[in-house]
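Protein chains: 2
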Amino acid sequence: MIDRAIQLIEEGKYSHARTEILEMNVVDIAELFEELETEKILIMFRLLPKEIAVDVFSYMSIESQQFLIEAITDTEIRTIVEELFLDDTVDILEEMPANVVKKVLINTSKDKRDLINHFLKYPDNSAGSIMTIEYVDLKKEMTVKQALNHIRKIGVDKETINTCYVMNQNRKLEGIVSLRKLIMSDEDVVIDEIMQTNIISLNTHTDQEEIAAIFKKYDLLVIPVVDNEVRLVGIITIDDVVDIIDQENTEDFQKMAAMQPSDEEYLKTNVFSLAKHRVIWLMVLMISATITGSIIKSYEEILQSVVILAAFIPMLMDTGGNSGSQSATLVIRGLALGEIEMQDIGRVLWKEFRVSLLVGTSLAGVNFLRIYFIERTDLNVAITVCVSLFLTVVVAKMVGGILPIIAKKLRLDPAIMASPLITTIVDAVALIAYFAIATALMGIA
Amino acid sequence: MIDRAIQLIEEGKYSHARTEILEMNVVDIAELFEELETEKILIMFRLLPKEIAVDVFSYMSIESQQFLIEAITDTEIRTIVEELFLDDTVDILEEMPANVVKKVLINTSKDKRDLINHFLKYPDNSAGSIMTIEYVDLKKEMTVKQALNHIRKIGVDKETINTCYVMNQNRKLEGIVSLRKLIMSDEDVVIDEIMQTNIISLNTHTDQEEIAAIFKKYDLLVIPVVDNEVRLVGIITIDDVVDIIDQENTEDFQKMAAMQPSDEEYLKTNVFSLAKHRVIWLMVLMISATITGSIIKSYEEILQSVVILAAFIPMLMDTGGNSGSQSATLVIRGLALGEIEMQDIGRVLWKEFRVSLLVGTSLAGVNFLRIYFIERTDLNVAITVCVSLFLTVVVAKMVGGILPIIAKKLRLDPAIMASPLITTIVDAVALIAYFAIATALMGIA
Numbered sequence: 002m003i004d005r006a007i008q009l010i011e012e013g014k015y016s017h018a019r020t021e022i023l024e025m026n027v028v029d030i031a032e033l034f035e036e037l038e039t040e041k042i043l044i045m046f047r048l049l050p051k052e053i054a055v056d057v058f059s060y061m062s063i064e065s066q067q068f069l070i071e072a073i074t075d076t077e078i079r080t081i082v083e084e085l086f087l088d089d090t091v092d093i094l095e096e097m098p099a100n101v102v103k104k105v106l107i108n109t110s111k112d113k114r115d116l117i118n119h120f121l122k123y124p125d126n127s128a129g130s131i132m133t134i135e136y137v138d139l140k141k142e143m144t145v146k147q148a149l150n151h152i153r154k155i156g157v158d159k160e161t162i163n164t165c166y167v168m169n170q171n172r173k174l175e176g177i178v179s180l181r182k183l184i185m186s187d188e189d190v191v192i193d194e195i196m197q198t199n200i201i202s203l204n205t206h207t208d209q210e211e212i213a214a215i216f217k218k219y220d221l222l223v224i225p226v227v228d229n230e231v232r233l234v235g236i237i238t239i240d241d242v243v244d245i246i247d248q249e250n251t252e253d254f255q256k257m258a259a260m261q262p263s264d265e266e267y268l269k270t271n272v273f274s275l276a277k278h279r280v281i282w283l284m285v286l287m288i289s290a291t292i293t294g295s296i297i298k299s300y301e302e303i304l305q306s307v308v309i310l311a312a313f314i315p316m317l318m319d320t321g322g323n324s325g326s327q328s329a330t331l332v333i334r335g336l337a338l339g340e341i342e343m344q345d346i347g348r349v350l351w352k353e354f355r356v357s358l359l360v361g362t363s364l365a366g367v368n369f370l371r372i373y374f375i376e377r378t379d380l381n382v383a384i385t386v387c388v389s390l391f392l393t394v395v396v397a398k399m400v401g402g403i404l405p406i407i408a409k410k411l412r413l414d415p416a417i418m419a420s421p422l423i424t425t426i427v428d429a430v431a432l433i434a435y436f437a438i439a440t441a442l443m444g445i446a
Numbered sequence: 002m003i004d005r006a007i008q009l010i011e012e013g014k015y016s017h018a019r020t021e022i023l024e025m026n027v028v029d030i031a032e033l034f035e036e037l038e039t040e041k042i043l044i045m046f047r048l049l050p051k052e053i054a055v056d057v058f059s060y061m062s063i064e065s066q067q068f069l070i071e072a073i074t075d076t077e078i079r080t081i082v083e084e085l086f087l088d089d090t091v092d093i094l095e096e097m098p099a100n101v102v103k104k105v106l107i108n109t110s111k112d113k114r115d116l117i118n119h120f121l122k123y124p125d126n127s128a129g130s131i132m133t134i135e136y137v138d139l140k141k142e143m144t145v146k147q148a149l150n151h152i153r154k155i156g157v158d159k160e161t162i163n164t165c166y167v168m169n170q171n172r173k174l175e176g177i178v179s180l181r182k183l184i185m186s187d188e189d190v191v192i193d194e195i196m197q198t199n200i201i202s203l204n205t206h207t208d209q210e211e212i213a214a215i216f217k218k219y220d221l222l223v224i225p226v227v228d229n230e231v232r233l234v235g236i237i238t239i240d241d242v243v244d245i246i247d248q249e250n251t252e253d254f255q256k257m258a259a260m261q262p263s264d265e266e267y268l269k270t271n272v273f274s275l276a277k278h279r280v281i282w283l284m285v286l287m288i289s290a291t292i293t294g295s296i297i298k299s300y301e302e303i304l305q306s307v308v309i310l311a312a313f314i315p316m317l318m319d320t321g322g323n324s325g326s327q328s329a330t331l332v333i334r335g336l337a338l339g340e341i342e343m344q345d346i347g348r349v350l351w352k353e354f355r356v357s358l359l360v361g362t363s364l365a366g367v368n369f370l371r372i373y374f375i376e377r378t379d380l381n382v383a384i385t386v387c388v389s390l391f392l393t394v395v396v397a398k399m400v401g402g403i404l405p406i407i408a409k410k411l412r413l414d415p416a417i418m419a420s421p422l423i424t425t426i427v428d429a430v431a432l433i434a435y436f437a438i439a440t441a442l443m444g445i446a
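Note that the protein sequences, when read in sequence, are chains A and B.
If you read the first sequence in the working numbering, its first letter stands for residue 2, the second for the next number, and so on.
If you read the second sequence in the working numbering, its first letter stands for residue 2, the second for the next number, and so on.
Treat the hints with care, as some may be off.
As the list claims (entries may be wrong) - Computed beta-carbon distance windows for the label pairs:
1) A:M2 with B:R114: 39 to 45 Å
2) A:I292 with B:D379: 18 to 24 Å
3) A:H151 with B:G339: 48 to 54 Å
4) B:M185 with A:G347: 34 to 40 Å
5) B:A437 with A:F273: 27 to 33 Å
6) A:P124 with B:R114: 52 to 58 Å
7) B:I201 with A:E71: 30 to 36 Å
8) B:K410 with A:V231: 51 to 57 Å
9) A:T39 with B:R172: 43 to 49 Å
10) B:N199 with A:F273: 52 to 58 Å
11) B:L23 with A:M2: 50 to 56 Å
12) A:I292 with B:A437: 38 to 44 Å
13) A:N118 with B:I281: 52 to 58 Å
14) B:P124 with A:L442: 53 to 59 Å
Claimed, not checked - Straight-line Cα separation of at most 27 Å, DSSO-like style, residue types lysine-lysine; simulated pairs:
15) B:K113 with B:K173
16) A:K146 with B:K146
17) A:K146 with B:K140
18) B:K217 with A:K217
19) A:K218 with B:K41
20) A:K141 with B:K154
21) A:K218 with B:K173
22) B:K410 with A:K182
23) A:K154 with B:K146
24) B:K159 with A:K146
25) B:K146 with A:K141
26) A:K159 with B:K173
27) A:K154 with B:K182
28) B:K217 with A:K51
29) B:K146 with A:K159
30) B:K154 with A:K218
31) A:K409 with B:K269
32) B:K218 with A:K217
33) A:K182 with B:K159
34) A:K154 with B:K154
35) A:K269 with B:K410
36) A:K141 with B:K182
37) A:K269 with B:K217
38) A:K146 with B:K141
39) B:K159 with A:K159
40) B:K409 with A:K269
Just so you know, these hints were derived from the structure itself, not from any lab.
Beta carbons: idealized from backbone N, C-alpha and C, even for Gly.
Next comes chain A alone, as it looks inside the complex (with noise of 0.2 Å):
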């Protein structure tokens, strides 16, 4: 279907993909328009229905979002700006350039100003920065009839008619109704009797990790956002928070890979950017690891008399560092999910203690068989080895399970202490105990 109108708007048959395009979802029209020439997706956007031409600009690209701006006559603006939502207005100018926001907000209302204006000033990723004020407000003494009746005048520009609020004169939150309710009511029923008063709410400064952790643990669709006086001041739907966990589990995967976060694309951001954003932690890691550098260097002597010890670092380290990241994984993860507490520290270190029994045991049994009886490695090599590793497995799950719950402890990000912090510890240890051991074995010192 899509290609279809794709090919009619390519032969300049405008009406024809008309037809086609206004069967189709409006995230599929956007989809489509995103393939288009320029000056097509002009004409095209100005063929559509106002309301549905609304919707594809809301699920655009920046990039066409700003093009269409650009290019679109003042009235054009002035219909997107008042149709939109306000959250959605609010996301869209904080990706626009100086001059585009000034073209948008020259064409908005004093009224809607002042609105956008209030809003972009909500600290980033707080309940008032994403919550929208388009919802339906109730009075308690309402009848289920007059509510009905008033959601059919004013419901045509909510956001959601599926719960509503209902406020009294301060516009302090006194109960929630759901369209539901109000439609298994009788007509005659006070909205007061079937108002439900205890409700979850958000305040306007509350945190987006927070949010959605709120959200999955009441398992709700909406939430009201209230300021300090209990007034209400907007709402937050599901679908903006379904954004806000892919964009918290993404910060969480950058900071496991010793990046600095960042919520751009991979394929738009430049490439500067990109190097920024990595070479820092990179840095910092590299010159730690010259603690291990100067370990080895200050066991020079056994090294050279027994070179054969170097070939078996790397196949440490990695070891140690992938035990160590494993149960570093688990713990932030289940720290994120609100699994693991910070007084399970203890439970944590027992089970990762046994664990680490079972893995290093097994690790250490199987290298022990490979490179003795195999590789016929010298005995007093190959104890060495196993018994470092083992040492090495046990002390990387001990340290990947305690240190990201004391990250926590000491108000640090968790996801911090991922594998990268963790690896450059446990070398240091892995090494250490490798050279002792093969010092007291092979007795030089």
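Using the hints, position chain B against chain A.
Using the frame of chain A, we list chain B on its own:
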């Protein structure tokens, strides 16, 4: 509030506690129940009104659910099974031991039992195993007024009434109409005129990863599930999708840290199964790390004459591994979110190449300053270290960038191409470059 309720229960003031509890959200009640002794759970559970009790039950831990099923009477079980949504019942039964499942199924009507058994047969993580059957069905000949009356009659037992489904006599899905649309329409209008026929739907066999992608792409709250004959068989709501997104992310984190994925909570998983999920990959990676060992062994001579070379191996390996895992993480995440497609392999390679030139130059430069000017290492050694470091970073970033895409082309999970595997590959490249350059510069061979 929770603390006060617990205190009242411990003092045996159950009816006071009940009043307190009924003010609370069901999720919080379930959380409170987890803190009680088992016989008090039973007492309080029986004191709650039926509908609330069932809601609370669905939010309790598997352990408490099992205890309750074992403790309560057959009649009580029947009530729970009748009131629970089918998808929740199936989820719970999947986690219970056989004797408990039997006790539940005995107390289930034959119709429902057949349905449950049918649901248990859908493949794990498919739309069929996630969906529920409690949706509202309408006919296209109905007027809005008839539809609303129908909803009022059957709506109480439905998971959602916000979206209703229009089927023909063969249960083929013909359209969707939202409660919002019904409310906003005139009551004499026929459903046929207002229903939406351009429907996004899922097949019973669609995998959960794709389900989540479709929900995100189209910003939907509920999607119908159809069989191969486009007959409506169930619906999936977004609250289940939020759980899927968390689960898929947890699996990716685990795979990227070289573990077999598991969706059990860390603290609830026993030591043996934790060890089992970790040891296989560690073993594979340990054995592949012996390749690097044999590379070192083959350069034993140069190492013997310039022992100081060993001191830089850990730094070189760690920096290479970290550089590669940064690139791999960004690409794996980009693939998972659909921001990077397979045909982007050339763009990724070119981007990583340029990033690696920038990052490699900075790291090698800083390193040269440090080891030549501050540590006063021999010039040839310093050059060897820094040139290999540069080459390692370039190779690591390009390998890290393309391996996940190649994995996807081969229909493997890109997440397994994460740091541990890439580290093992990059280690080998780094060591060969290192010793080859050393040999060339310091002229033994």
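Each hint, compared with the structure:
1. A:M2 with B:R114: 39 to 45 Å: holds (42 Å)
2. A:I292 with B:D379: 18 to 24 Å: Given range 18 to 24 Å: holds, Cβ gap about 21 Å.
3. A:H151 with B:G339: 48 to 54 Å: At 41 Å between Cβs, range violated.
4. B:M185 with A:G347: 34 to 40 Å: Roughly 58 Å apart at Cβ, these two residues miss the hinted range, so it is violated.
5. B:A437 with A:F273: 27 to 33 Å: holds (32 Å)
6. A:P124 with B:R114: 52 to 58 Å: Hint holds: Cβ distance 53 Å, inside 52 to 58 Å.
7. B:I201 with A:E71: 30 to 36 Å: 32 Å Cβ-Cβ, so the 30 to 36 Å window holds.
8. B:K410 with A:V231: 51 to 57 Å: holds (55 Å)
9. A:T39 with B:R172: 43 to 49 Å: This hint holds: roughly 46 Å between Cβ atoms.
10. B:N199 with A:F273: 52 to 58 Å: For A:F273 against B:N199, whose Cβ atoms are near 43 Å apart, the range 52 to 58 Å is violated.
11. B:L23 with A:M2: 50 to 56 Å: Holds, since B:L23 and A:M2 (Cβ atoms, about 53 Å apart) stay within the stated range.
12. A:I292 with B:A437: 38 to 44 Å: Given range 38 to 44 Å: violated, Cβ gap about 27 Å.
13. A:N118 with B:I281: 52 to 58 Å: Roughly 57 Å apart at Cβ, these two residues keep to the hinted range, so it holds.
14. B:P124 with A:L442: 53 to 59 Å: holds (54 Å)
15. B:K113 with B:K173: Satisfied, since the Cα-Cα distance of roughly 22 Å is no more than 27 Å.
16. A:K146 with B:K146: Cα-Cα ~14 Å, so holds.
17. A:K146 with B:K140: holds (26 Å)
18. B:K217 with A:K217: Holds, at about 16 Å.
19. A:K218 with B:K41: holds (24 Å)
20. A:K141 with B:K154: Judged against 27 Å, a Cα distance of about 25 Å means the pair holds.
21. A:K218 with B:K173: Answer violated: A:K218 to B:K173 is near 35 Å, above 27 Å.
22. B:K410 with A:K182: violated (50 Å)
23. A:K154 with B:K146: holds (18 Å)
24. B:K159 with A:K146: holds (23 Å)
25. B:K146 with A:K141: Holds, at roughly 26 Å.
26. A:K159 with B:K173: violated (32 Å)
27. A:K154 with B:K182: holds (13 Å)
28. B:K217 with A:K51: Holds, because 24 Å separates the two Cα atoms, which is no more than 27 Å.
29. B:K146 with A:K159: holds (23 Å)
30. B:K154 with A:K218: The hint is violated at about 30 Å.
31. A:K409 with B:K269: With Cα atoms ~21 Å apart, A:K409 and B:K269 stay inside 27 Å; holds.
32. B:K218 with A:K217: Holds, at about 20 Å.
33. A:K182 with B:K159: holds (13 Å)
34. A:K154 with B:K154: Answer holds: A:K154 to B:K154 is near 26 Å, not above 27 Å.
35. A:K269 with B:K410: holds (22 Å)
36. A:K141 with B:K182: holds (24 Å)
37. A:K269 with B:K217: Holds: A:K269 and B:K217 sit about 20 Å apart, inside 27 Å.
38. A:K146 with B:K141: Cα-Cα ~26 Å, so holds.
39. B:K159 with A:K159: Given pair B:K159, A:K159 holds - Cα atoms ~24 Å apart, limit 27 Å.
40. B:K409 with A:K269: holds (21 Å)
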